[in-house]
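Colleague: Each chain, written out:
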Amino acid sequence: MSHFSEYKDTIQPGDLALVWITRDNIKPLTITPGEAFNTRYGSFPHDDMIGKPYGSQIAVRTKGSDRFGFIHVLQPTPELWTLSLPHRTQIVYTPDSSYIMQRLQCGPKSRVIEAGTGSGSFSHAFARSVGHLFSYEFHEVRYEQARKEFEEHGLLADGNVTITHRDVCLDGFTIKTGDKTTFKLDGTSGRDSAEIGADAIFLDLPAPWDAIPHLDDVITPDAKVRLCCFSPCIEQVDKTLEVLEKFGWTDVEMVEIQGRQYESRRQMVRRLDDALERLRDVRQRKQQGVERRKRMYSKLLNNEEETSDVRPTTTKAQFNPFGKGSRVKEGDTNFQWKEVSKIEPEIKSHTSYLTFASKIMKKERNEELTAQIIEQHKY
Amino acid sequence: MSHFSEYKDTIQPGDLALVWITRDNIKPLTITPGEAFNTRYGSFPHDDMIGKPYGSQIAVRTKGSDRFGFIHVLQPTPELWTLSLPHRTQIVYTPDSSYIMQRLQCGPKSRVIEAGTGSGSFSHAFARSVGHLFSYEFHEVRYEQARKEFEEHGLLADGNVTITHRDVCLDGFTIKTGDKTTFKLDGTSGRDSAEIGADAIFLDLPAPWDAIPHLDDVITPDAKVRLCCFSPCIEQVDKTLEVLEKFGWTDVEMVEIQGRQYESRRQMVRRLDDALERLRDVRQRKQQGVERRKRMYSKLLNNEEETSDVRPTTTKAQFNPFGKGSRVKEGDTNFQWKEVSKIEPEIKSHTSYLTFASKIMKKERNEELTAQIIEQHKY
Amino acid sequence: MDPLTKIAYDNHVLLRLPSNNLKICELKPNSDISLGKFGAFRVNDIIGYPLGTTFEIYYDQTEEAPDRSDKSKVNKIPVGKLRILEERASANGPASEDENTPQPELQTFESSESNKNLINIGNKIQKLTMEEIEELKKQSVSGEQIISKMIEAHGGFHQKTVYSQEKYLKRKKQKFAKYFTVEYLSSTGLLHYLIEKGDVVRAMDMSQETMGMMLNLGNIRSNGTYLCVDETGGLLVYALLERMYGGDNESPATGKIVVVHENEHPNLDLLKFSNYSEEFIERHVKTISILDYFEPPIIEEVREAFTPMTDEQLKEMKSNKKGAYYRRLKWYHNQLDIIALATEIQYDGLIVASTLHLPTFVPRLGEKVHGSRPIVCYSQFKETLLELSHALYSDYRFLAPSIVETRCRPYQTIRGRLHPLMTMRGGGGYIMWCHKVIPAQEDIMNVKVQ
Amino acid sequence: MDPLTKIAYDNHVLLRLPSNNLKICELKPNSDISLGKFGAFRVNDIIGYPLGTTFEIYYDQTEEAPDRSDKSKVNKIPVGKLRILEERASANGPASEDENTPQPELQTFESSESNKNLINIGNKIQKLTMEEIEELKKQSVSGEQIISKMIEAHGGFHQKTVYSQEKYLKRKKQKFAKYFTVEYLSSTGLLHYLIEKGDVVRAMDMSQETMGMMLNLGNIRSNGTYLCVDETGGLLVYALLERMYGGDNESPATGKIVVVHENEHPNLDLLKFSNYSEEFIERHVKTISILDYFEPPIIEEVREAFTPMTDEQLKEMKSNKKGAYYRRLKWYHNQLDIIALATEIQYDGLIVASTLHLPTFVPRLGEKVHGSRPIVCYSQFKETLLELSHALYSDYRFLAPSIVETRCRPYQTIRGRLHPLMTMRGGGGYIMWCHKVIPAQEDIMNVKVQ
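Chains as they are written, first to last, in the working numbering: chain A, 1 to 379; chain B, 1 to 379; chain C, 1 to 450; chain D, 1 to 450.
Treat the hints with care, since some could be wrong.
[What the hints assert, rightly or not] Capping the alpha-carbon separation at 27 Å, the derived lysine-lysine pairs in DSS-like fashion look like this:
id, chain 1, residue 1, chain 2, residue 2
1, C, Lys286, A, Lys362
2, B, Lys8, D, Lys286
3, B, Lys286, B, Lys299
4, B, Lys299, C, Lys256
5, C, Lys368, C, Lys322
6, C, Lys315, B, Lys286
7, B, Lys342, A, Lys348
8, D, Lys322, D, Lys23
9, A, Lys363, C, Lys23
10, A, Lys246, A, Lys362
11, C, Lys81, A, Lys378
12, C, Lys76, C, Lys28
13, C, Lys330, C, Lys315
14, B, Lys27, B, Lys8
15, C, Lys28, A, Lys378
16, A, Lys109, A, Lys148
17, D, Lys23, B, Lys363
Calculated directly from the structure, the hints in this document are not laboratory data.
Next comes chain A alone, as it looks inside the complex (with noise of 0.2 Å):
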């Protein structure tokens, strides 16, 4: 059973869910009656959670105190799940990913070559929308985390994903008989290899130049094949721009994504006849001051002796308007406050560049069919 394929209506024992702490902290969690979930708000019985709907806030008192700690059961997806993993690692965020899928045309009808597999959580997001999946890895003991992964999400089960262990660059993409892969090949179709007949391509390597040549093997030979390579550097860019063209790959477009995320915030309207009735109540305080200066001076020109004119304690400001500075907690309803939008504090400002092609490897139709078809239809 996947854990993403199927909407679940409520939690239940054996389901991979994801605990939903903060918008940075979101963790994958197996669904374990009499285990318990532990965070630094508390720690949340799964017993608590099972046979509540998904989407559920969970709440437990804090030790020691009478207030609650919080998380939220969320049913994983893909999106979710990107977020879940650890920044460091190498991940095709979903500003790349859903542009990506929609430039491949990606729906139930693609069959799509992925690699590499990296951290899977791309081919989380393919699994969900194309007709079968062909993701290859080359680091051996990436394909391990990968395939396990893969089966204990239920992607395997579903049918749809298959995973390759294969440097694509050195031997291509032909899943055969002994290869060390996830697909089944039966020998009753009387062929030894895989039939992948791709129709939408992504490569995440260091050189797809060399993986380009390999790949009129494994296209589908009749149909617009649409390829995105995705490289960091643009000298990667330009080599395979040059490969692309040498092996008839038209349509070439290259892109960035540039994804930003943003914050929610309010900011204190301070307006300045506040501002101006501050510093009044300021001066009104010191004229005190100034009127006794002011008579002390008369009085020093009058040739008056100066008399022991007490000096009067000034009072602290009473008028405040904009409350003590930033210990005024945003959006305290006693201040107004304006509605603006930050920007998150770190940007991913690139991430790799984009490089799209298409290619026909037939463009040709079946004469006789066609015929066939066009006398049908004569008038």
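Position chains B, C and D relative to chain A; hints supplied.
Modeller: Frame of chain A, contents of chains B, C and D only:
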């Protein structure tokens, strides 16, 4: 007299002014008694402008109409001048030029090399701030145009701008007797070439790498010199990086500047309740029809005869909370509006890559002088 | 023949012209399609080829060339023959595949090769007059030939840099070449068609990248039931359909899109260009007005107003009354459908592209979204979503509303002259994304930890 | 010796450390400056060199190395000798100038050269323990030597790609190298110093590019008189001063900056780092509170309160009363100054960086701006400027308010591996720009043509 360097109070005959018609239509104008400035909104006599303060709005009654046409007469600044240039010209726009000036630490002590002059728009911004601008232009026609413009604008008279006709890639930056230049070489100094001593360089050339080797002859030898190359293509950057390293330039950094402009707009606030009310209004009018059909059906079942139930004429909807769509003027006070911002319809997504570097030719000190100074400061 | 990969009769396809203008055509058997100055062709000549194929229109010298002096024929473009083109000159790609034009090498920028000696005197440098070119167009058939003649007659052509030469060629090719590419009508294609037609307002200024991101953030799958508001006239619904069914009328998937509309009748006009059958759309796309959705009919009143008859009753009914009965029966089922859509479904996602005031609209739409399911809301303006996200933030049923933006920046991909395009269209819109959640009871009395 | 180009006594300079951390120092004669783990040096050893020079601190083996076991000396970093470094490892530039590290060639990406066989087992791969490294630090003096030893002890170093090796080297160099660059304290430098210290709030989230653009849009010249609001504690005023005078205390230029402040006293604290003399600042920077500016003293009242004496009267005054007289005289002139600043000047520009509600503040400040002069207003938030620009748009004294944004995007400049930096700081702020104008009388009754 410079039309740029002195803050002027009133519009005077002979002044170079900028006429602001719309944001995208700003025209230079030499104020000439008796002449008129013609727009499709009307003809504005210069005499109406003379004597008025700069910034004045000038009105004329449009022919055969009770309405007025308006223009604003502004004193030129480098930024307004840049806006007034035709967009098809190659221009260094303000987001780039202001960043470059800030990075090159332009101030009254700066001695700046600019190659090439191009449209001259950046020259105006440099001229405003720097001690001396040495501008170079290799295209003879453009050189003459720029020289003439600098003269008309008073830049040459201000004394801190000179322009030289030169292919700096071939012939370097040294200005000698006999060169086609506005630089005045007086024989008195005993030198036959100009003392340039530049500490800030701006190269807007297709092949900056050919010019960079010539710089050592003209930069100040014992202070930090800053350089900026302005190149549209990444391959130019790559070649520039190579040459910068070879010729001892350090602190190399390359950036892109992205300038954006937003329009302030209003969007109508269309509340759900109003939209529902509008549909209720429609439903009510239809209700009569439904009732009628219900009655008819009942009669049918009861085998009564169909009466000639008069179909009521549906009255037009009265409740129209959002006005007639696109015919409502933005900001119409009969409706509620939300302030929104809209990016300009066509953005300058790329101007050029800016490659910065710096160099100190002699990392030495005058040991004798330094020893004296240290001695003076001994306790 | 698979209509998803091959050019097939009766399908709508997107034609890309040399100018990169787009045109949507229905491929009626035996009909001709005219591309104006780019020529005309016969539909039968293209069917069977893979979608994505580029065809060049050519005219044999023996064939009758268009005779522009004959006024009656002036609007009738003659149908040409077709041949396959290996590659079209792409918008940002290499300017030309012409063998006479040397491929630019990396770093060819030399000042000696610059346009130094070229002074722009406008059209005077082209010694071929407009009249002569028009004459050539009348006589000749190949754009290539006109361009060659123009180059011969161009006084300054050899003073241009290789780059300028290519630019010139490309511009001219777009002007005189006669070719077109037949593309599958994807949701992106439909969007580009609208933009290119200047109908940016209809598309609510949405960009391809924003549209694609809505589909992913909305976790759109072929087995979900989605609540949707679509003010783009069907573009968004089409994007959902494409992601869910990939153009496949035979798809066994059970997903549905319930479209809530502000006016009395839904506007999904753009679906007329789709190749989904009417039955398919009826099965997978349901529409309901906001009034019916928020104030659905009361079941008791509906039952009171009408009771379906048993088969026996129906048999006894006079045939002249049956028409009225069936109209009424349809109304009855329609009312039941409305009640079901408005009250019985827990939606798997909420996808909104609306100009209604979102802070009052979206929380109410969100009521019927199942816990843990995403809510994705589009707006042309960030300020609108800012107000929405503040409203949702103080409502504990919505988890972590955030405003996201995605922008695509295309490059010129000529090797040796790589750089981002100098200008591009602004806009593209913004997305608010959050998840529906079910607050714990304790939450009411306490502060969220987050 | 020119203090604008050479390292000079008593000037404030910016020190850039290997970590790229920044430090502002005053160069007191004969003093020592300690850079913590990067060593210490003697001021006398650097003066006279050009600003921008990079020095390496080294310790002869014969010299006493820091003895960390002696607790009394543990905080006292020994002063080292200096030598000139040709280039520091720059932040985005080549990772290393080490001759042992091969320069990366274009396109060296081969899968066989990738990190395929490297499994991350964290620190275990480094066989040198932290204790051993600490020991080396105590004994050794050169960062290079420590790094060499670490590479020798690194089990997987040769399995890394050239690129990874360089990254490793660079990281280690920044950790152990002892060098610093002495930079002129530019306004950008001051800004970076604040950002780097985490004082982004003080800088109002302003970026270098936004600051630079304000100076240009404000048409700042050395002969202008500018009205300014500066909530950054003097950063903005310093940027104006630098553009107007370039650090030159002897500048003959006559420009002035009039700073209007919200509190009783101005906050221009950051000017304490500047190398302008007090007299210079007093001459060119005037301060006035918003209350004094908007409600200046009435000249008659001031005159009524005090009349300056003639020289004769002054001579006759008893010396014990002169102190009071001069205090009063100073007050009198101060009041006259305030009146002049608030009423008599037509400003050549208005430059605002304030968190006060701009739609009520800026139009009032704009009253005293001369026609045709620019108004430039900074805010961290676009929404604030949007409200402002709407307010200004309906006020005919302000021409074409527009909101502009500028963002700098730095690249990694290693040849063969060019790309924009993967992450960067968000923010940077926005600018509202418009011009003060004088509406025609006719305008009152009519609609603007624009």
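Colleague: State the violated hints by number, sorted upward, taking the hints as numbered earlier in the document.
Modeller: Those not satisfied are hints 1, 4, 5, 6 and 8.
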